[in-house]
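Input sequences plus hints: build the corresponding full structure.
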Amino acid sequence: MKRSVARLLGRAAAVTVLASLLAACSGQFWVNTLVPRWGYDRHSDIDYGAQARQTLDIYVPDNPAPGHPVVVFFYGGSWQSGDKQGYRFVGQALASQGITAVLPDYRLYPQVSFPAFVEDGAAAVAWTRRHIGDYGGDAAHLFVAGHSAGAHIAALLATDPAYLAAAGLSRNDLAGLIGLAGPYDFLPIRSPTLQRIFAPKAEWPRTQPIRFVDGSEPPMLLLHGAADATVEPKNTTNMAAEVEAKGGSVKVKIYPDVNHVMLLAPLAATLRFKGDELARIVDFINEQILDRLGSV
Numbered sequence: 001m002k003r004s005v006a007r008l009l010g011r012a013a014a015v016t017v018l019a020s021l022l023a024a025c026s027g028q029f030w031v032n033t034l035v036p037r038w039g040y041d042r043h044s045d046i047d048y049g050a051q052a053r054q055t056l057d058i059y060v061p062d063n064p065a066p067g068h069p070v071v072v073f074f075y076g077g078s079w080q081s082g083d084k085q086g087y088r089f090v091g092q093a094l095a096s097q098g099i100t101a102v103l104p105d106y107r108l109y110p111q112v113s114f115p116a117f118v119e120d121g122a123a124a125v126a127w128t129r130r131h132i133g134d135y136g137g138d139a140a141h142l143f144v145a146g147h148s149a150g151a152h153i154a155a156l157l158a159t160d161p162a163y164l165a166a167a168g169l170s171r172n173d174l175a176g177l178i179g180l181a182g183p184y185d186f187l188p189i190r191s192p193t194l195q196r197i198f199a200p201k202a203e204w205p206r207t208q209p210i211r212f213v214d215g216s217e218p219p220m221l222l223l224h225g226a227a228d229a230t231v232e233p234k235n236t237t238n239m240a241a242e243v244e245a246k247g248g249s250v251k252v253k254i255y256p257d258v259n260h261v262m263l264l265a266p267l268a269a270t271l272r273f274k275g276d277e278l279a280r281i282v283d284f285i286n287e288q289i290l291d292r293l294g295s296v
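So for the sequence shown, the working numbering puts the first residue at 1; every next one is plus one.
Don't take every hint at face value.
[Said to hold, decoys possible] DSS-like mimics (lysine-lysine), calculated; alpha carbons at most 27 Å apart, straight line: (1) K234 x K246; (2) K274 x K234; (3) K234 x K201; (4) K253 x K274; (5) K274 x K251; (6) K234 x K253; (7) K246 x K274.
[Said to hold, decoys possible] Have a look at the derived ranges for each label pair, beta carbon to beta carbon: (8) T33 x S170: 38 to 48 Å; (9) P188 x T237: 11 to 21 Å; (10) T33 x R190: 31 to 41 Å; (11) E287 x G168: 24 to 34 Å; (12) P205 x A241: 15 to 25 Å; (13) N172 x K274: 34 to 44 Å.
Keep in mind that the hints were calculated from the coordinates and are not lab data.
The beta carbon of each residue, even a glycine, is placed where N, CA and C say it ideally should be.
Below is the structure:
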């Protein structure tokens, strides 16, 4: 009995340490040291554009899921920081479920401001659409996803048709949107830094994904933590309500007592038992594939 309690306490302590590491500025890099290196092939630093940060990594699963789905995942960082190398745990999580994962870097402030990082997102999706077949993925089952600022980029690609159109695609080329703790409805902008990123003020409405919802956007899965103090949960609840009001398709899950970082944490192999986020993502992808195949 004492040994069992000790093991449980040891596991709880390990989880606390891992969660703290993930929450730290460079924590995801520490979590990545525990990510399995098997079950997928990683193709690194592939150019999707001419700029230094316009590269992507592809995680090809050893055993692709039916339909060979593909997810382009954009990481967060307040549009100012982040690196695809730090999100190997996300690539592994998706690949472990048979999903081909594409993780792009994109230009950040102060090098660029809005909408350059969204345009980079569109270019990465367009590259994926045209080339993912070379890596065994099926471009007919292409999803965009992201966490925090990355969810904002993914959501604008799924709602504002201008970005994909400029890259030679349309929203119909997307099978769905998966947003984790995304800022979709965050006016007025109060942070001086964010005001500069999204300047001028007269253009703020076009920075908001919720403003472009018309019911014809791809199906959405929106996840958020109720204890998120970085991106208010109302971003997700407001977005979902607008999609439903316009006749679109959306699934929502608000996790009690989960904060901004810990919403993403269960994608790490060592923390996967902490939440069902990965299972919900996989179920959503499978449902959309079945729906699309059924409508052919």
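Here is what the structure says about each hint:
Among the hinted pairs, K234 with K246 is consistent with the structure: their alpha-carbon atoms are about 18 Å apart, no more than 27 Å. Our distance criterion of 27 Å between C-alpha atoms is met by K274 and K234, whose separation comes to about 23 Å. Our distance criterion of 27 Å between C-alpha atoms is met by K234 and K201, whose separation comes to about 22 Å. Distance check on the hinted pair: K253 and K274 sit about 15 Å apart at the alpha-carbon level, within 27 Å; holds.
Proposed proximity of K274 and K251 is supported: the alpha carbons are some 21 Å apart, at most 27 Å. A distance of roughly 12 Å separates the Cα atoms of K234 and K253; the hinted pair therefore holds under the 27 Å criterion. Restraint check for K246 and K274: the C-alpha separation of about 34 Å exceeds 27 Å, so the hint is violated. A hinted range of 38 to 48 Å for the beta carbons of T33 and S170 is consistent with their spacing of about 40 Å.
Restraint check, P188 to T237: a C-beta distance of roughly 18 Å satisfies the suggested window 11 to 21 Å. Between T33 and R190 the beta carbons are some 37 Å apart, a value that agrees with the proposed interval 31 to 41 Å. Taking the beta carbon of each, E287 and G168 are about 28 Å apart, inside 24 to 34 Å as hinted. For the hinted restraint 15 to 25 Å between P205 and A241, the CB-CB distance of approximately 18 Å keeps it satisfied.
Checked against the hint of 34 to 44 Å, the C-beta distance between N172 and K274 comes to roughly 36 Å, which is consistent with it.
Of the hints listed earlier, the one the structure fails to meet is number 7.
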